[in-house]
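Q: Listed here are the chains, written in short residue letters.
There are 2 protein chains.
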Amino acid sequence: MVETIAYLGPQGTFTHEATQLLFSNKNSELVPYPTIPDVLTAVDQGVSDLAVVPVETAVGGSVNLTIDWLIHHVDVPIIGEVIYPISQCLLVHPQHANRPLQDFVRIYSHPQAIAQCQEKIDEICPQAEIIYTESTAQGATILQSNPEDLALAIGTKRAGETRNLVIKEEDIQDHQNNFTRFIAIGHKWVDFQEEQKSVKHKTSLQVTLPSDYPGALFQVLATFSWRKINLSHIESRPTKTGLGNYFFIIDAELSHEHVLMRGALAEIKALGCNVRVLGSYPSFQVNELQSLKK
Amino acid sequence: MVETIAYLGPQGTFTHEATQLLFSNKNSELVPYPTIPDVLTAVDQGVSDLAVVPVETAVGGSVNLTIDWLIHHVDVPIIGEVIYPISQCLLVHPQHANRPLQDFVRIYSHPQAIAQCQEKIDEICPQAEIIYTESTAQGATILQSNPEDLALAIGTKRAGETRNLVIKEEDIQDHQNNFTRFIAIGHKWVDFQEEQKSVKHKTSLQVTLPSDYPGALFQVLATFSWRKINLSHIESRPTKTGLGNYFFIIDAELSHEHVLMRGALAEIKALGCNVRVLGSYPSFQVNELQSLKK
Chain A
1 MVETIAYLGP
11 QGTFTHEATQ
21 LLFSNKNSEL
31 VPYPTIPDVL
41 TAVDQGVSDL
51 AVVPVETAVG
61 GSVNLTIDWL
71 IHHVDVPIIG
81 EVIYPISQCL
91 LVHPQHANRP
101 LQDFVRIYSH
111 PQAIAQCQEK
121 IDEICPQAEI
131 IYTESTAQGA
141 TILQSNPEDL
151 ALAIGTKRAG
161 ETRNLVIKEE
171 DIQDHQNNFT
181 RFIAIGHKWV
191 DFQEEQKSVK
201 HKTSLQVTLP
211 SDYPGALFQV
221 LATFSWRKIN
231 LSHIESRPTK
241 TGLGNYFFII
251 DAELSHEHVL
261 MRGALAEIKA
271 LGCNVRVLGS
281 YPSFQVNELQ
291 SLKK
Chain B
1 MVETIAYLGP
11 QGTFTHEATQ
21 LLFSNKNSEL
31 VPYPTIPDVL
41 TAVDQGVSDL
51 AVVPVETAVG
61 GSVNLTIDWL
71 IHHVDVPIIG
81 EVIYPISQCL
91 LVHPQHANRP
101 LQDFVRIYSH
111 PQAIAQCQEK
121 IDEICPQAEI
131 IYTESTAQGA
141 TILQSNPEDL
151 ALAIGTKRAG
161 ETRNLVIKEE
171 DIQDHQNNFT
181 RFIAIGHKWV
191 DFQEEQKSVK
201 HKTSLQVTLP
211 SDYPGALFQV
221 LATFSWRKIN
231 LSHIESRPTK
241 TGLGNYFFII
251 DAELSHEHVL
261 MRGALAEIKA
271 LGCNVRVLGS
281 YPSFQVNELQ
291 SLKK
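Taken in sequence, the protein lines are chains A and B. So the first sequence is numbered by full-length UniProt numbering: it starts at 1 and just counts up by one. So the second sequence is numbered by full-length UniProt numbering: it starts at 1 and just counts up by one.
Source of the hints: derived by calculation from the structure; they are not laboratory data. Note that this is a predicted model, so its numbers are computed, not measured. Do not take every clue at face value.
Claimed, not checked - Straight-line alpha carbon distances no greater than 30 Å define the calculated DSS-like cross-link-like pairs of lysine-lysine that follow:
no., chain 1, residue 1, chain 2, residue 2
1, B, K168, B, K120
2, A, K269, B, K228
3, B, K157, B, K200
4, A, K200, A, K269
5, B, K188, B, K269
6, B, K168, B, K228
7, B, K188, B, K200
8, B, K120, A, K228
9, A, K228, B, K228
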C-alpha cells in the first residue's frame with residue numbers, strides 16, 4: 001500500500017531530506033505543504049497518512065508553531081523522531097560562479113538559516129542585503145529564475161543541485177554541531193529503516209500543573225528523578241488563557257509502557273496534574289550525512 | 001537630568017504605552033527604535049540610559065528575541081517589569097467608517113496581534129487577506145496614508161486616535177485576560193511611580209546546568225522548593241552550541257539580597273551550575289487601563 005507523507009516543503013528543504021531519510025525504504029508518496037499548520041492539518045484530517053515537521057533547531061530553539069499546533073489544534077500522536085545534522089550551503093547562479101563574494105548585493109534564505117550562518121555572512125559579504133524567504137528552497141528557486149540578479153542563497157546541497165546552481169561552499173553554518181530535530185506524526189505505526197534500529201525510545205508529555213500549587217513542577221520532576229528517568233527536554237508553552245499559565249512539554253527517555261514510566265505518570269496525575277501523552281516513539285540520531293541514501 | 005529611554009517603536013505601540021506608564025513621572029525623553037536588538041544595543045552601548053522591550057505575551061509566549069539578546073549580546077541588568085493588559089482595537093479610515101465589515105479586503109497588523117485576534121477575525125471578516133506589519137503602529141500608519149484602500153488595522157487605541165482613524169471596536173482580542181510582560185533594563189536604578197509601590201520583587205536567573213548530570217534541573221528546583229521561594233516562570237533556551245544544550249531562565253519571586261535567595265544561589269553554584277543574575281527588580285501589575293496616566 002502506498003502511504004502518503006506530508007512534509008514542510010517545497011522540495012529540497014531540510015524537512016524533505018529528513019523525510020526521505022526516515023521513510024526511504026517505504027513505498028511512499030511524499031507531498032510538500034507550504035506551512036507547518038498545513039502539514040499537520042493534512043494528517044489530522046486524514047488527507048495524509050503521516051507528516052514530518054521540524055520541532056527544534058540548535059540555534060533557534062523550539063519551533064513554537066509545531067508545538068502549539070500539537071497542543072491546541074491536532075490530535076495525532078508522534079510516532080518517530082530523527083535528529084539530523086543541518087549543512088547549510090552557499091549557492092550561486094552559474095553565471096556568477098567566479099565572482100568575488102563582495103560583489104553580491106543580496107542573500108536569500110529562511111530566517112532560521114540566516115541565523116545559523118550570521119557570523120559567516122558578516123565575514124564574507126557584510127554588504128549584502130538579507131531577503132527572508134519562506135523556505136531555504138524558495139531562496140534557491142528565486143536565484144535560479146533570476147540569472148541577472150547579483151544574489152546568493154543559503155540552503156541544502158540538494159536544493160542547489162536540483163536547480164543547477166553552483167555550490168560555492170558547504171557547511172557554512174557558524175556552529176558545526178548544528179542538528180535539527182524532526183518528528184513524524186501519524187495514526188498508524190510504521191517500521192523505520194533497518195539500519196536505524198539502534199535508537200533511544202522517548203515519550204513526549206504535555207503536563208498541566210494544578211493552579212495555586214507552588215512547587216508543583218518540582219514534584220513532577222521528582223517523580224522522574226527518583227526513578228532515574230532522564231528528561232532530554234523540558235519547556236513551557238502558554239495555555240493562551242492568560243499570562244503565567246503554562247503547559248510543560250517534557251521529553252522522557254523511556255517508553256510509556258515501561259513499568260517505571262507507568263508509575264511516574266500515575267503519580268503525576270494523582271498530584272492533580274493533567275497529563276497528555278503526545279507520543280511514545282523511537283528517536284534516531286544521524287551523525288553523518290553520508291548515511292543519507294539516494 | 002533628562003534621561004533617554006529607548007523603546008520598541010514606532011510611537012503608538014504597546015511598548016510605547018508601557019514605557020509611558022513606567023516612567024510617566026520622570027523628566028524623560030522616549031526614543032523609538034525599529035527592532036528589539038536596536039533597543040537593547042542602544043542601552044548596552046550607552047546611547048540610552050534605559051530601555052523597554054516586551055518579554056512575554058499571553059498568546060505567543062516568550063519573546064525569544066528579547067531573551068536571546070539578553071543572554072548572548074548585551075550585559076545590562078533588568079531593573080523593572082510591568083505586566084500590562086493589551087487591548088487590541090479594530091481601526092478603520094474615516095472614509096470607510098460606516099461600511100459593513102465584509103467589504104474589507106485586507107487587515108494590517110503585527111503577527112502577535114493577529115494571533116491574539118484570530119477567532120475574532122474569522123468571525124467578522126474571514127474574507128480579508130492578512131498583511132503582516134513590523135508593528136501594530138505601522139499598520140495604522142499604512143491605513144492613514146491610503147484612504148482608497150479597503151483595509152482594516154488592529155492596534156492600540158492611541159495609535160488610532162493619533163492618526164485620526166476611527167476606533168470601530170475595542171477589546172477585540174480572543175482572550176480578555178490578555179496581559180503582556182515588559183521589562184526595563186539599564187545601568188542605573190530608578191524610582192518608579194508612587195502609585196505603583198505595591199509590587200512583587202523578582203530575581204531573573206540564567207542557569208547553565210552541568211553537562212552529564214541527569215536530574216540537575218530537579219536539584220536546582222529543590223533548592224528553591226525547600227525554601228518556599230515561588231518560581232513565576234521557567235523556560236529553556238538553546239545555548240546555540242548544539243542541540244540539547246540549554247540555559248534555563250528562571251524568575252524567582254524574591255530579591256537576590258534576601259538571605260533565602262543568597263543561600264539558594266550559593267547552593268546552586270555548589271552543585272556545579274553556572275548562575276548569572278539577569279536582574280533583581282520590582283514587578284508591577286496593571287489591572288485597569290484607566291490607571292494609565294498621560
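Q: Kindly indicate which numbered hints from before are broken by the structure, ordering the numbers from low to high.
A: 6, 8
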